[in-house]
Amino acid sequence: MLLGMRFALRIPFLSFMAAGRQRFFLHAIAFLACVVMGFAGWAASSPRRAPVQSPVVQAAGTAQAIPALPAVQPVGLNVVVLDPAHGGTDYGARGTEGIRESEVVMEFTVQVRRALESQGFQVVQTRMGNENPSFDDRSAVANAQQGAVLVSLHIGSTGLPGTVRVYANEELPAETDATGLIPWERAQGPFLSLSRKLGDLVQGQMALRFKGSPNTVQSAAVRQLRTTAAPAIAVEVSSVTVENRNDLDRMAPGVADAIAKGVAAFKPSYVVAGAAGVRP
Amino acid sequence: MSPKWRSGLIFGLAVAVCGAAIYLPTLRQRVKRTAKLVQETEEQARRELTQAITGNPNGPRVKAKLFWASGADGAKLTAVTVELPLADDPVLRAKQVLNTLLAGPVDADLRTLPPDAALLEFYLMPDGTGIADFSEAIGTSIPSGIESEQLAVDSITRTLEANVPQVRRLKILIHGQEVDTLAGHLDLTGTFVVSTKPAAAPPAKPAKVG
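Each protein sequence line maps, in turn, to chains A and B. Residues 1 to 280 in the working numbering are what the first sequence spells out, letter by letter. Residues 1 to 210 in the working numbering are what the second sequence spells out, letter by letter.
Because the hints were derived from the structure by calculation, they are not lab data. We treat Cβ as the ideally placed atom computed from N, Cα and C, and that holds for glycine. Among these hints, one or two may not hold up.
[Said to hold, decoys possible] Distance condition first, Cα-Cα at most 20 Å in a straight line; then the derived EDC-like pairs of lysine to aspartate or glutamate:
hint : chain 1 : residue 1 : chain 2 : residue 2
1    : B       : Lys-171   : A       : Glu-171
2    : B       : Lys-197   : A       : Asp-200
3    : B       : Lys-171   : B       : Asp-133
4    : B       : Lys-171   : B       : Glu-121
5    : A       : Lys-267   : A       : Asp-257
6    : B       : Lys-76    : B       : Asp-109
7    : B       : Lys-197   : B       : Asp-133
8    : B       : Lys-65    : B       : Asp-107
9    : B       : Lys-171   : A       : Glu-185
10   : B       : Lys-76    : A       : Glu-170
11   : A       : Lys-211   : A       : Asp-257
12   : B       : Lys-32    : B       : Asp-133
13   : B       : Lys-63    : B       : Asp-88
14   : B       : Lys-171   : A       : Glu-170
15   : B       : Lys-76    : B       : Glu-121
16   : A       : Lys-211   : A       : Glu-170
17   : B       : Lys-197   : A       : Glu-170
18   : A       : Lys-211   : A       : Asp-200
[To be verified] Between beta-carbon pairs, the in silico distance windows are:
hint : chain 1 : residue 1 : chain 2 : residue 2 : range
19   : A       : Thr-216   : B       : Thr-189   : 23 to 31 Å
20   : A       : Pro-214   : B       : Ala-79    : 27 to 35 Å
21   : A       : Ser-134   : B       : Arg-33    : 39 to 47 Å
22   : A       : Asn-132   : B       : Thr-34    : 28 to 36 Å
23   : A       : Ala-178   : B       : Gly-176   : 39 to 47 Å
24   : B       : Ile-10    : A       : Glu-107   : 23 to 31 Å
25   : B       : Arg-33    : A       : Asp-90    : 19 to 27 Å
26   : A       : Glu-107   : B       : Leu-9     : 55 to 63 Å
27   : B       : Thr-34    : A       : Ser-134   : 46 to 54 Å
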């Protein structure tokens, strides 16, 4: 790069030494040389450029959820945040038949959204197309809502095909923040028991529709759930290894109905104060 | 400058631009390949160094419990007893059982960890936190999914719990770095509980079984 800059400076200097109309041509040549050498320098010096982290992500990563403010009016559950996992260049689980988790979950999301709206819920999505927001950006969507729950949708690459498992986070370490704020890194902590209750209700509905599915919610350290300051579950459908994509598509209405009924059954047990991010 | 020289110069520069455009992608690929080769060589050296100190084939063989997937639907773990010449030192012992776990069961379908993954190093902190540093393949070759990733971590924690009582919690690193997730789902930023039992005294010298 530096070499290119040196030539870029030297060649116009030489061109000023020349006389008359030749100056124009020498300037043109100098500019061309600059572009070539500058580009060559860039290509050789940066074979692998680190992605630039957006200020939004950095802010979200270090932010803290809003503390408990004086309650205005108790708010019931009225928003469901749907999180189709992966997206963009992250395909998630991939099957031998070319099935991609990131694509299938978008189609599941359409049906889940419809089922939830028919139950009277407002639905917000963490992604609408083939993009891949960060974990923190997805959590921020849920944390900005009042009286919301988050449902993260996944297609696994293992498990008995045709079954569905619902996960809530494992126990998180106790909060030690003396300020009373909910630390972003452990935002799920105060909501764990509610998440498990929501998970049990949704998993119970899944077990009725998909034979071989567990009857109760499973525990796992799901990254997406940890930074969500709301009841949050992950639903994983088995699996991308099915021989025919239609086998998965046929499950979508049942999965959508089970989620909608489970969330509706959970609604009476979730009443929060009228500020986002407050403790349950 | 005469028109003849000017034309020659412009032609020369045009050739240089075309040449650079053709050569640059090759140059970038070559740089990338060299970087990857250096990384693999480092990892191979670390692996050889690690494996050289963990083996003790002449030591007394004891029964070790390893956790691999059960045959039914692969979603649960089952304990398999294997005779190994386990060391008394908890760090060496942890390396031995984890390397055996990585080597896999006789039936490859019951694997919980990818066959090309390697344990690069294992550390034990005074508070009982074990730090297992695996090669990148543990994240890139494992089947992606909450269930499969949780099963992989469970097989590691339960194997450590059964054979190395000094380890209370486990932190997983990949190639010496803390990473967000194992393969897109399971959170690796925290530690995993290995044992909730009160800290035990170091195990007595194992009885010979073979």
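We went through each hint and held it up to the structure:
no.	hint	verdict
1	Lys-171(B) with Glu-171(A)	holds (16 Å)
2	Lys-197(B) with Asp-200(A)	violated (28 Å)
3	Lys-171(B) with Asp-133(B)	holds (9 Å)
4	Lys-171(B) with Glu-121(B)	holds (12 Å)
5	Lys-267(A) with Asp-257(A)	holds (15 Å)
6	Lys-76(B) with Asp-109(B)	holds (13 Å)
7	Lys-197(B) with Asp-133(B)	violated (24 Å)
8	Lys-65(B) with Asp-107(B)	holds (16 Å)
9	Lys-171(B) with Glu-185(A)	holds (17 Å)
10	Lys-76(B) with Glu-170(A)	holds (17 Å)
11	Lys-211(A) with Asp-257(A)	holds (15 Å)
12	Lys-32(B) with Asp-133(B)	violated (24 Å)
13	Lys-63(B) with Asp-88(B)	holds (13 Å)
14	Lys-171(B) with Glu-170(A)	holds (15 Å)
15	Lys-76(B) with Glu-121(B)	violated (27 Å)
16	Lys-211(A) with Glu-170(A)	violated (25 Å)
17	Lys-197(B) with Glu-170(A)	holds (18 Å)
18	Lys-211(A) with Asp-200(A)	holds (16 Å)
19	Thr-216(A) with Thr-189(B): 23 to 31 Å	holds (27 Å)
20	Pro-214(A) with Ala-79(B): 27 to 35 Å	violated (21 Å)
21	Ser-134(A) with Arg-33(B): 39 to 47 Å	violated (30 Å)
22	Asn-132(A) with Thr-34(B): 28 to 36 Å	holds (29 Å)
23	Ala-178(A) with Gly-176(B): 39 to 47 Å	violated (33 Å)
24	Ile-10(B) with Glu-107(A): 23 to 31 Å	violated (56 Å)
25	Arg-33(B) with Asp-90(A): 19 to 27 Å	holds (24 Å)
26	Glu-107(A) with Leu-9(B): 55 to 63 Å	holds (60 Å)
27	Thr-34(B) with Ser-134(A): 46 to 54 Å	violated (31 Å)
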